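Enquirer: Read off the chains here:
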Amino acid sequence: MADEALFQFLHNELIQYVYKSAEQGEMENGRCITRLENMGFRVGQGLIERFTKDTARFKDELDVMKFICKDFWTSVFKKQIDNLRTNHQGIYVLQDNKFRLLAQMSGGKQYLEHAPKYLAFSCGLVRGGLSNLGVKSIVTAEVSTMPACKFQIMIQKM
Amino acid sequence: MAVCIAVIAKENYPLYIRSIPTENELKFHYTVHTSLDVVEEKISAVGKALVDQRELYLGLLYPTEDYKVYGYVTNSKVKFVIVVDSSNTALRDNEIRSMFRKLHNSYTDVMCNPFYNPGDPIQSKAFDNMVSAMMVQVC
Numbered sequence: 028m029a030d031e032a033l034f035q036f037l038h039n040e041l042i043q044y045v046y047k048s049a050e051q052g053e054m055e056n057g058r059c060i061t062r063l064e065n066m067g068f069r070v071g072q073g074l075i076e077r078f079t080k081d082t083a084r085f086k087d088e089l090d091v092m093k094f095i096c097k098d099f100w101t102s103v104f105k106k107q108i109d110n111l112r113t114n115h116q117g118i119y120v121l122q123d124n125k126f127r128l129l130a131q132m133s134g135g136k137q138y139l140e141h142a143p144k145y146l147a148f149s150c151g152l153v154r155g156g157l158s159n160l161g162v163k164s165i166v167t168a169e170v171s172t173m174p175a176c177k178f179q180i181m182i183q184k185m
Numbered sequence: 243m244a245v246c247i248a249v250i251a252k253e254n255y256p257l258y259i260r261s262i263p264t265e266n267e268l269k270f271h272y273t274v275h276t277s278l279d280v281v282e283e284k285i286s287a288v289g290k291a292l293v294d295q296r297e298l299y300l301g302l303l304y305p306t307e308d309y310k311v312y313g314y315v316t317n318s319k320v321k322f323v324i325v326v327d328s329s330n331t332a333l334r335d336n337e338i339r340s341m342f343r344k345l346h347n348s349y350t351d352v353m354c355n356p357f358y359n360p361g362d363p364i365q366s367k368a369f370d371n372m373v374s375a376m377m378v379q380v381c
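As you go down the protein sequences, you meet chains A and B in turn. Here the first sequence stands for residues 28 to 185, numbered as in the numbering used here. Here the second sequence stands for residues 243 to 381, numbered as in the numbering used here.
Don't take each hint at face value.
Unchecked claim - Listed next, the stretches of chain B that the computed footprint assigns to chain A, with coverage defined by at least 3 CB atoms under 8 Å from CB atoms of chain A:
| # | region |
| --- | --- |
| 1 | 273-282 |
| 2 | 311-317 |
Stated by the list, open to error - Distance windows between CB atoms, simulated:
| # | chain 1 | residue 1 | chain 2 | residue 2 | range |
| --- | --- | --- | --- | --- | --- |
| 3 | A | T82 | B | G361 | 18 to 26 Å |
| 4 | A | K80 | B | D362 | 45 to 53 Å |
| 5 | A | T113 | B | C354 | 25 to 33 Å |
| 6 | A | S133 | B | N371 | 49 to 57 Å |
The set of hints was computed from the structure by calculation and includes no laboratory data. Fair warning: this is a prediction, and the values are worked out from it, not measured in the lab. For every residue, glycine included, the Cβ atom is placed at its ideal position computed from N, Cα and C.
Make a model of the complete structure from these sequences and hints.
Expert: Shown next as structure tokens:
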């Protein structure tokens, strides 16, 4: 994979661009976040296709989640998820204590209100990857202290 | 050396299906459609160890009097089906596996193409060329 700084810069510019080219009304109703998330979705679909080309078949949902936490996260963010928790009823919480895309922003509570913008793309990435593997889900992220963040994945049973 | 190659989406509709000779296309469509049942059975086989659960290549799905049908499922539940002529007995398992490898690689490239929407029929010329290369030897 290419040097991670390249993707970080591109990601930051992407967010600036989406917000700059949004009209007045859009900024308040979260349309930009949705746009970023949809971009991440399509990218996630393609990425997963490439990553799972040579891996063995996944046995069940937990196997899929472990793949996301280890191989997928390592390939995209150069580290693994630090903590995976589940209630075995379709809710998974992935904890990353030093999220690469937020690490440069601050080390505590500064700029906390801007964090959701920078997490939207990654949420879409996870949602797209899961959807291509046959798991329909809703992915949200929350930050209490930078740069640690929690991704919550809710599996939608058909 | 294949007579018909098909790519089926996870919702079981064809994304791409090509066969030669082109007169009997409907027969091949039917063959591929019936092979989908066998594919489902193989990937959901829980107790039987007939097919290694972790492998993507499914092997020979079923032989008919003129043709042999092979299957392969990706992790994104996209199925590849190759129909070969039974008279062509020189084809070994390894060759079929390598054909599926090539198909999977080309399909991944199609997926990553920004102009392609997942779920649409495949219209990429590069994919067409790769499939033609695999089929041309029959005539």
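Enquirer: Of all the hints given earlier, name the ones this structure violates by number, lowest first.
Expert: Violated: hints 1 and 4.
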